[in-house]
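Residue numbering for the sequence shown follows the UniProt record's numbering, starting at 1 and increasing by one per position.
It should be emphasised that the hints constitute simulated quantities derived from the structure, not laboratory data.
None of the values given here were measured: they were computed from a predicted structure.
Take the hints with a grain of salt, since some may be wrong.
[Said to hold, decoys possible] Below, in silico cross-link-like pairs of lysine-lysine (BS3-like), each with a Cα-Cα straight-line distance of 30 Å or less:
hint, residue 1, residue 2
1, 329, 351
2, 292, 59
3, 268, 59
4, 268, 292
5, 372, 329
6, 59, 25
7, 372, 383
8, 329, 154
9, 167, 154
10, 103, 268
11, 351, 372
12, 103, 154
13, 268, 329
[Said to hold, decoys possible] Using C-beta positions, here's what the derived DEER-type ranges look like:
hint, residue 1, residue 2, range
14, 78, 347, 21 to 27 Å
15, 107, 275, 36 to 42 Å
16, 54, 175, 57 to 63 Å
17, 158, 35, 28 to 34 Å
18, 331, 270, 55 to 61 Å
19, 406, 375, 43 to 49 Å
20, 363, 270, 27 to 33 Å
21, 331, 363, 18 to 24 Å
22, 74, 46, 39 to 45 Å
Built from N, CA and C at the ideal position, the CB exists for glycine as well.
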Amino acid sequence: MDKNRVVNREHAARCVCSVAVWGAKMRTYERTHPWITFQLDTRRLDHECWMLLGEAISKLEHIAGVPLQPDVAAELNTVYLTKGAHATTQIEGNTLTEQDVRKRVDQELPLPPSQEYLGQEIDNVIRGYNQIVHEVADGTPLTLTRARICEFNKIVLDQLPMDGDSKPGDIRTTSVLVGSHYRGAPAEDCAFLIDRLCTWLEDLRATDGVMRQPAAVLAAIMAHLYIAWIHPFEDGNGRTARLIEYQMTVQAGAPTVAAHVLADHYNKTRAEYYRQLRRTSQVPYDVSAFIKYALQGLVDGLRQQIAEIQGQQMGVTWRNYVHEAFHEKTTPACARQRRLLLSLPVGHWTKRGDIRGVTPAIAEEYAGREEKTISRDINALHKMGLLITAGRGATLRVAPRTAILRAFMPLVADQD
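Work the whole structure out from these sequences, hints included.
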């Protein structure tokens, strides 16, 4: 390994990575930004951090190994692409709602000229995410370089108005104040710092053995943090940082849907995000609290994502079970009862009087039929053990008896 790069791997729980020598002359940032050290001493991470990191990696592998039906997978990708694009832009001040962003993803949100820049911001971030996804699908190496980072900045600022003479993708040449309390690294050092960052992050990701994936996840978080510290561009630094973090999270083994979780976490906890970010550049210059904050959000988001995937899988299993139950029941009445059962929302009670309007198809099924037809269908499904009921007469409510599927799941003791 190059003598200018030092990666200490003496112990599996000790991944102290740094770049030791980059020229004898002291640079300005070393005096003005002493927290930019390109070192990560993981001995400072407490046991909770390591537990969160282990859980995050386990859940990433879990999500990556779950087969989904094509329509379910497509919808899940769209949902989390929407969340990622919304979070990445809203945290920077974009006022479009998540519902607006979903419409923009589906190309169904025309905006008046005065608001078109908001849509353009969304389009740009989506383009950046999609470029990474397409490169993953094509097997293109996702090497992080200064040119790559500048390309991301050029993408997120494309066709957006900018102050001064700077252009999207250009490293800034002037001093910049971040918010009201923090000044970015000296402009004369920005290019040097970005080059050094890319080399350091590649060294982190090159960690061998059991620490390889944990180091890659930590590298993704540190990439975001260092771009925020350096602030190498006149504008779009936050969006650029989140694209880099997304790419590196994918490189760490995250499925593309799961790689949006961190951006969504930062946006949902914006005040805490800025507080944790601010603390990293204050004495004693410790990044462990920011790492724990990021990992907790990652784990929380992955838990939610797994719950959604399990819900989708349960829906598929329920549908298959119902079709099997009606396998030898081929009369028109049985076909209607099956369609009614599969149209009822899972996990919710439906009032007897609302059954005709559950879906347009069900409304058409019962059009012109008497109420006793619905009653007979309810009774038939209840007798088959596929429907549960509550109340009587006008207060009658029904729901699919999906709890029957628990018989096919592993037995787990009550943890209480």
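Hints and how they fare:
1. Of the pairs offered as hints, the one joining residue 329 and residue 351 holds, with about 26 Å between alpha carbons and a cut-off of 30 Å not exceeded.
2. Taking the CA atoms of residue 292 and residue 59, the gap is near 17 Å; set against the 30 Å cutoff, the hint holds.
3. Proposed proximity of residue 268 and residue 59 is supported: the alpha carbons are some 21 Å apart, at most 30 Å.
4. Simply put, residue 268 and residue 292 have alpha-carbon atoms about 16 Å apart, close enough for the 30 Å limit, and the pair holds.
5. For the suggested pair residue 372 and residue 329, the alpha carbons sit about 21 Å apart, so the restraint of at most 30 Å is met.
6. In summary, the hint linking residue 59 to residue 25 is not supported, as the alpha carbons are separated by about 45 Å, beyond the 30 Å threshold.
7. Distance hint between residue 372 and residue 383 is fulfilled; the C-alpha atoms sit about 16 Å from each other, no more than 30 Å.
8. A C-alpha spacing of about 61 Å is found between residue 329 and residue 154, which places the hinted pair above 30 Å, so the restraint is violated.
9. Straight-line distance between C-alpha atoms of residue 167 and residue 154 comes to about 8 Å, which keeps the hinted pair within the 30 Å bound.
10. In summary, the hint linking residue 103 to residue 268 is supported, as the alpha carbons are separated by about 20 Å, within the 30 Å threshold.
11. A threshold of 30 Å between alpha carbons decides the hint, and for residue 351 with residue 372 the separation of about 15 Å falls inside it, so the pair holds.
12. A hinted pair counts as satisfied when its Cα atoms are at most 30 Å apart, and residue 103 with residue 154 qualifies at roughly 24 Å.
13. Proposed proximity of residue 268 and residue 329 is contradicted: the alpha carbons are some 50 Å apart, above 30 Å.
14. Against the hinted window of 21 to 27 Å, the Cβ-Cβ separation of residue 78 and residue 347 comes to about 23 Å, which satisfies the hint.
15. For residue 107 and residue 275, the hinted distance range of 36 to 42 Å is satisfied, since their beta carbons lie about 37 Å from each other.
16. Under the hint 57 to 63 Å, the C-beta atoms of residue 54 and residue 175, about 42 Å apart, miss the expected range.
17. Residue 158 and residue 35 have their C-beta atoms about 32 Å apart, which keeps the hinted 28 to 34 Å range intact.
18. Checked against the given bound of 55 to 61 Å, the beta carbons of residue 331 and residue 270, roughly 58 Å apart, stay inside it.
19. At roughly 29 Å, the beta carbons of residue 406 and residue 375 sit outside the given window of 43 to 49 Å.
20. Distance hint check for residue 363 and residue 270: the Cβ-Cβ separation is about 44 Å, which falls outside the suggested range of 27 to 33 Å.
21. Under the hint 18 to 24 Å, the C-beta atoms of residue 331 and residue 363, about 21 Å apart, fit the expected range.
22. Between residue 74 and residue 46, the C-beta spacing of about 40 Å keeps the proposed range 39 to 45 Å intact.
Checked against the numbered hints given earlier, the structure breaks hints 6, 8, 13, 16, 19 and 20 and satisfies all the rest.
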